[in-house]
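Residue numbers (numbering that gives the first Met the number 0), protein chains in the order written: chain V, 0 to 356; chain Y, 0 to 356.
If you are wondering where the hints come from, they were derived from the structure by calculation, not from laboratory data.
Any given hint might turn out to be false.
[As the list claims (entries may be wrong)] Not everything, but these chain V residues come out facing chain Y in the computed CB check (under 8 Å): (1) V24; (2) S27; (3) R32; (4) S283; (5) G300; (6) V351.
[To be verified] Here are the computed distance ranges between Cβ atoms for each label pair: (7) V:F76 x Y:F76: 38 to 48 Å; (8) V:P177 x Y:S68: 42 to 52 Å; (9) V:D319 x Y:S68: 21 to 31 Å; (10) V:A201 x Y:F76: 39 to 49 Å; (11) V:G7 x Y:V211: 22 to 32 Å; (12) Y:F76 x V:G117: 57 to 67 Å; (13) V:E338 x Y:R225: 48 to 58 Å; (14) V:G7 x Y:P354: 30 to 40 Å; (15) V:E338 x Y:N58: 27 to 37 Å; (16) V:G115 x Y:P354: 42 to 52 Å; (17) V:K326 x Y:D131: 49 to 59 Å; (18) Y:Q50 x V:D57: 21 to 31 Å.
For clarity, every value in this text was computed on a predicted model and none was experimentally measured.
Virtual Cβ for every residue (Gly too), placed ideally from N, Cα, C.
Protein chains: 2
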Amino acid sequence: MTDPLPVGATIGILGGGQLGRMLSVAASRLGIRTHIFEPGENPPAADVAHQVTTASYDNDAALTAFGQSVDVITYEFENIPTRALDLLESLAPIHPGRQALATSQDRLTEKTFLQGLGLQTAPFADIASMADLTVAMDSVGTPGILKTRRMGYDGKGQARIMVPEDGPQAFADMAGAPAILEGFINFSHEVSVIGARSVDGAVACYDPGENVHEAGILRTTTVPARLTPSQRTDAVLIAARILNALDYVGVMGVELFVTPAGLIVNEIAPRVHNSGHWTQNGCSICQFEQHIRAVAGWPLGDGQRHSDVVMENLIGDDMDRVPELAKTDAAIHLYGKEEVKAGRKMGHVNRVVKPAS
Amino acid sequence: MTDPLPVGATIGILGGGQLGRMLSVAASRLGIRTHIFEPGENPPAADVAHQVTTASYDNDAALTAFGQSVDVITYEFENIPTRALDLLESLAPIHPGRQALATSQDRLTEKTFLQGLGLQTAPFADIASMADLTVAMDSVGTPGILKTRRMGYDGKGQARIMVPEDGPQAFADMAGAPAILEGFINFSHEVSVIGARSVDGAVACYDPGENVHEAGILRTTTVPARLTPSQRTDAVLIAARILNALDYVGVMGVELFVTPAGLIVNEIAPRVHNSGHWTQNGCSICQFEQHIRAVAGWPLGDGQRHSDVVMENLIGDDMDRVPELAKTDAAIHLYGKEEVKAGRKMGHVNRVVKPAS
Chain V
0 MTDPLPVGAT IGILGGGQLG RMLSVAASRL GIRTHIFEPG ENPPAADVAH QVTTASYDND
60 AALTAFGQSV DVITYEFENI PTRALDLLES LAPIHPGRQA LATSQDRLTE KTFLQGLGLQ
120 TAPFADIASM ADLTVAMDSV GTPGILKTRR MGYDGKGQAR IMVPEDGPQA FADMAGAPAI
180 LEGFINFSHE VSVIGARSVD GAVACYDPGE NVHEAGILRT TTVPARLTPS QRTDAVLIAA
240 RILNALDYVG VMGVELFVTP AGLIVNEIAP RVHNSGHWTQ NGCSICQFEQ HIRAVAGWPL
300 GDGQRHSDVV MENLIGDDMD RVPELAKTDA AIHLYGKEEV KAGRKMGHVN RVVKPAS
Chain Y
0 MTDPLPVGAT IGILGGGQLG RMLSVAASRL GIRTHIFEPG ENPPAADVAH QVTTASYDND
60 AALTAFGQSV DVITYEFENI PTRALDLLES LAPIHPGRQA LATSQDRLTE KTFLQGLGLQ
120 TAPFADIASM ADLTVAMDSV GTPGILKTRR MGYDGKGQAR IMVPEDGPQA FADMAGAPAI
180 LEGFINFSHE VSVIGARSVD GAVACYDPGE NVHEAGILRT TTVPARLTPS QRTDAVLIAA
240 RILNALDYVG VMGVELFVTP AGLIVNEIAP RVHNSGHWTQ NGCSICQFEQ HIRAVAGWPL
300 GDGQRHSDVV MENLIGDDMD RVPELAKTDA AIHLYGKEEV KAGRKMGHVN RVVKPAS
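Kindly produce the complete structure, drawing on both the sequences and the hints.
See the structure below:
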């Protein structure tokens, strides 16, 4: 295995949003600098990064200079253009690797991969045409959700199909993008496992958190999640199986539905994950540092939780609550976004509830 | 009172060392940017700051541009030239204020101030000449320590006087700098209180930590400190009295000797303090964020501790231990200093021992 990155080394991060911002902060704790690559102006991560490149993903000169300036490359979002990755990969290692990206960039590939590992997923079908959808509404069943295969997040690129008559409108909503139909799952609640794998193949997982969504956006994560001991073990084993199958390096978020028939994998994200933000105040080594440790070739922390935590996202006008939240013992984490928009993640708060149960 | 600084505001920090670095990180959690002013090249804080000015404290143009670019100014060390402060104060508020700086910059002023509050200090005498020292070795007594009135830190600018015959050499060691003679205190251990005061006068203190020094440099801080309940109350009341007397805004470190005759104030530092680093992993709101909250006009956190912590400094070659420390559950905090020097603070580790006792 390669030597761990030393003090003064630089990790390149593709994407300058809040995840890149918190990755930068975590890197600083290990004496490692970050260089952010981000097309948008004034990205949140720029406030705490050593260097920032503002350029688009088709700017080969900027990508080359970026790739040459860093020791290793990681990313905060999975929808990175393949051509940019090809160029960057010739200049520095990319962690997590291309297989993880290719798998998670496409819902069809992802679900096929998960089933190939013997894991349960929602029933699904590939939808390239209205004819495909007509067949699939019968085989997969309704109600279901039509989702674009690529580029979906926070509920975007999705249309519900409650009855077959909803099919044509849902198909039109996809605007010609390749899609899949997913059957509804009858689940009691959703949990997620934040898992990590190091360069030398060690795996560490945080305790599963329980997620509540509103309007397709994560609202709260509560740790510990309501799980039986065997469900908790299952959740961690599922995450470990996925990490190992992808020869993964870094942190991954694995969302699971809890059902009477066992745990069903909803989706995987090859990066630090909103549902792991609680680790910042519940663990000595948070998910952001764990990810930096993995991509930097450091040993992983064991992920032990010292406290029970409730994480709540601050979305849009939730920012109006910050003055009151500041009077409480909640740990506030704002992302430095000056413009408040409806549905925009502006920050989160972690409430340390009590010592780990 | 003024409005709290909003998202996107900028705090100017004088000094770009590890304290400025960790202040920058804490500011980012509140959505606030930092601008570092530092004469040295490649300061540790530059890795995580939005902006850095590299200039000396007699560069009026650079100071002016810096002062005009920020909403409020704070600092990570107390020995800032008065002329620079005069200029900066005309451009933006400075917290903690000039009275706190003037008091703590000079050991004679500080001890006189503390005694004026009715607090116990070591016996001391003003030493401007060898004749003064001869008299003082009799009145204050020996053994004692001769210390320069200004610019001392980590045991520098100090000379021990075990017997009166050591006087002349100790006086020569001061190289003509104004000094004070401090009598030795017979103390069982040293503790420190990290206190904070907000713009509107609210005070919050963390639980006292117990400090162990080696060669004049802090080695470990353990929380909670060995104190009786009444000593603990005393310690916090002493800190609060000092904060209020100085109309202080920000975090202050107050070092106290524990003696059979009560708590004796060793010294105060008008800034975040090495003995408060444990708060990063023992509290939801650490001393760095507490300081940023105070100078930014935010409400203070209440300083509640969720865990018992042992903080250990990594000094010089202690960096060789990092690979082994990385395999444990210790929270590692490195400062990004590439050059290891004997006696140089390179980082620290916080070990969360157990839930708060």
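Against the structure, the hints:
Hint on V24 (chain V) holds. Least Cβ distance to chain Y is approximately 5 Å, under the 8 Å limit. Hint on S27 (chain V) holds. Least Cβ distance to chain Y is approximately 5 Å, under the 8 Å limit. Against a cut-off of 8 Å between C-beta atoms, the interface hint on R32 (chain V) holds, since the closest Cβ of chain Y lies about 5 Å away. The beta carbon of S283 (chain V) comes within 4 Å of a beta carbon in chain Y, closer than 8 Å, and the hint placing it at the interface holds.
Hint status for G300 (chain V) relative to chain Y: holds, with the closest Cβ pair at about 6 Å, below 8 Å. Checking V351 (chain V) against chain Y: minimum C-beta separation of about 5 Å stays under 8 Å; hint holds. At roughly 39 Å, the beta-carbon separation of F76 (chain V) and F76 (chain Y) lies within the given 38 to 48 Å, and the hint holds. Between P177 (chain V) and S68 (chain Y) the CB atoms are about 49 Å apart, so this pair conforms to the stated range of 42 to 52 Å.
Checked against the hint of 21 to 31 Å, the pair D319 (chain V) and S68 (chain Y) passes, with Cβ atoms roughly 28 Å apart. With their beta carbons about 41 Å apart, A201 (chain V) and F76 (chain Y) fall inside the hinted range of 39 to 49 Å. Checked against the given bound of 22 to 32 Å, the beta carbons of G7 (chain V) and V211 (chain Y), roughly 30 Å apart, stay inside it. Range check, F76 (chain Y) to G117 (chain V): about 59 Å between beta-carbon atoms, so the 57 to 67 Å window is met.
Evaluation of the 48 to 58 Å hint for E338 (chain V) and R225 (chain Y) yields a pass: the beta carbon distance comes to about 51 Å. A C-beta distance of roughly 36 Å is found between G7 (chain V) and P354 (chain Y), which places it inside the suggested range of 30 to 40 Å. For the hinted restraint 27 to 37 Å between E338 (chain V) and N58 (chain Y), the CB-CB distance of approximately 35 Å keeps it satisfied. Range check, G115 (chain V) to P354 (chain Y): about 43 Å between beta-carbon atoms, so the 42 to 52 Å window is met.
Here the CB-CB span from K326 (chain V) to D131 (chain Y) is close to 51 Å, well matched to the stated 49 to 59 Å. Remark: the range hint 21 to 31 Å for Q50 (chain Y) to D57 (chain V) is upheld by a beta-carbon distance near 29 Å.
Violated hints: none; the structure is consistent with every hint.
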